[in-house]
Structure formats: C-alpha cells, structure tokens
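> The sequence shown begins at 1 in the numbering used here and counts up by one.
None of these hints come from the bench; they were simulated from the model.
Even glycine gets a Cβ: it sits at the ideal position worked out from N, Cα and C.
One should not assume that every hint holds.
Unchecked claim - Label pairs and their calculated CB-CB ranges:
#1 Leu-234 to Arg-45: 29 to 35 Å
#2 Phe-215 to Leu-44: 44 to 50 Å
#3 Asp-236 to Phe-137: 38 to 44 Å
As the list claims (entries may be wrong) - Taking lysine-lysine pairs in the DSS-like style, the calculated list, with each CA pair at most 25 Å apart, reads:
#4 Lys-277 to Lys-292
#5 Lys-59 to Lys-76
#6 Lys-298 to Lys-277
#7 Lys-292 to Lys-302
#8 Lys-284 to Lys-302
#9 Lys-298 to Lys-284
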Amino acid sequence: MAISDRDYDSRLSFGTKINPLVVLIGIAMIIFVVLTFFRGLTYLRLPEGGDVTGVFNEKVLCWFALSGDISKTLVKPWTILTYSFVHTNIWQLFASMIWLWSFGYILVDLTGFKKIVPVFLYGTIAGAIAFLVAKSFLPVSVIGTDYFMGGGPAVLAICAAATTISPNYKIFPMLGGGISLWILSVIYLAIDMGTLPVNTPEVYIAHLAGALMGFLFILLLRKGFDGSEWMNNLYDWAFNLFNPEKPQQRRNQVKSTLFYNATKAPFSKTPKLTQQKLDEILDKINQKGYDKLSEDEKEFLKRASNEDLKGKQNL
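Whenever a hint applies, use it, and build me the whole structure from the sequences.
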C-alpha cells in the first residue's frame, strides 16, 4: 500500500484547504491565552502571599492537563487529548510549536494532509496511557509530577512517522546537499530528553511512547492497515450529517436523472460514408451474399442508400 495520500482539497479535519498544522498550532495558542488569563485572574483574586500556582492548578489547570491520578482522569476523560495542547510557559509553547511545524510540514509533504492529525492524536493517546501506567506502577518514593501537559509525545510521534517514511529526506539543501531527516530527529530527541524535568521518569516514558506510536503507525500502514481511515470516515460522516447540501447524495441524483434513465446510448459509433467503403461492401455482397454482412455494414449500406435518394430528390 502506498504511503502517499495527497488529497489537498479535502475538508478541515484530516485534509483541508486550511493547513491542519495551522489548526493544531492555533488550538494550542488559544488554550495558552485562556490559561494565562485565568492565571492572572487567580493572582489578582488571591490575598498577598497566597499560593497562586496551587490554586490555579486545582481550579483551572486540572480541566485541561492530565492528572497522574487515574480516578481523577476518569472523571475528566477529555484531558487524555487536551493535555497535548496545554502549555503554561511561553518558551515551552514556542519550542513545541516550532518542532511541530518542522516535522509536521515534512510529514504533510510526504503523505498529504490526511495523516498528520491522526498521528498527532495517536501520539497524544499513547503518551497519556504510558504516563498513567508509569505513574501507577512506579515506586511511591520516586518524585514525579501531578499533572502532565505539553505536546512532546504528539510531536515525537510525528517526528518518528516522518523519519520512518523517509529517513534520508533532505532539509536545508543549500548546505552541502542538505541534512538528512534522521539527523534532525536524533538532535530533537536529545534536546527533548535533555530538557524534561528531572526525577520525572513517567514523563520520559510518555514521550518515548509517543515516538513508538508514530513508528508503529507507519509500520502498520506499510502492511496495509491505515489507522487514519476510520477517523477520516467519522469526520466525513459527522460533517455531512449537518450539511444541508449533502454533496454525495446530490451527485448520485444527478447521475440517476441524466444518465441511467436515458433511452438512447450516450455514444454510438457512426462510420464515415466513403465510396471506397461502399465498394467493399458491394463486393462482399456479390461474393458472399447480403446475409453475410455485419450489422455495422448493413447500417452503412442503409445510410448510403438514404443519402443517395436525398441527393436525387435535391436534383
């Protein structure tokens, strides 16, 4: 099965005239602005010396970030997806979006628009599951984090997917023929692992799980299983459910009305009348008889006879 699926004229979710990378980055920026606003509001409402971070995490952040407590996650299951868009630090947001754009652009160039959002979501879910499992089974003495946030697992999934497809994809071709994608991926992985908070092994595991999911997505795609197909079909179904025009249904009605009910064939082969062709048919009649003529030859003879009669009438 081919990897490339370049449908650049699809709709919003998994292939649209609007670049889905812009949509993903836009969601992350909007959530960052909303969280920053509520953090400032929390600071203004608390008395001097109050625990702004603690109150903010308990009242606001918990609705977006992924809690390490499985019982709390079950109460807010949407955080399994939303945590990937949560950034509380401007530099963390900037770095995450730059890497997302870089690897996302390459993945879109290699596969088209329909794969990037599913890979992003699969990486997000894999990171969330790995974080919760690691948090549950790590020793209690290990210092960790209460909330997990950031697009690290999703970006690593996109990075791994693009690198698996074409590890020698060249970037910056003006620099001595370009830099291979696998080199950039190794650099990013080193930077990502080196900038994670210390004493948080569950976060390291979550990021690596995202990278593994990106690799498995492409591996299964090469074996004929497209993990993005059901997402695209679900979106198309939901989109058309609220679409009054129903474009697919309209196309079927047009076909039935204009073509399938027609009494005449849409195309018929009509041979050109020539004296040479007429002589050949007459010779065949003299040699084999009229019954040996094909239907096309009989039709030709009839047309030639009619035109000859019309010519005599005009004279």
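> Which of the listed hints are not met by the structure?
Of the numbered hints, just 1 does not hold.
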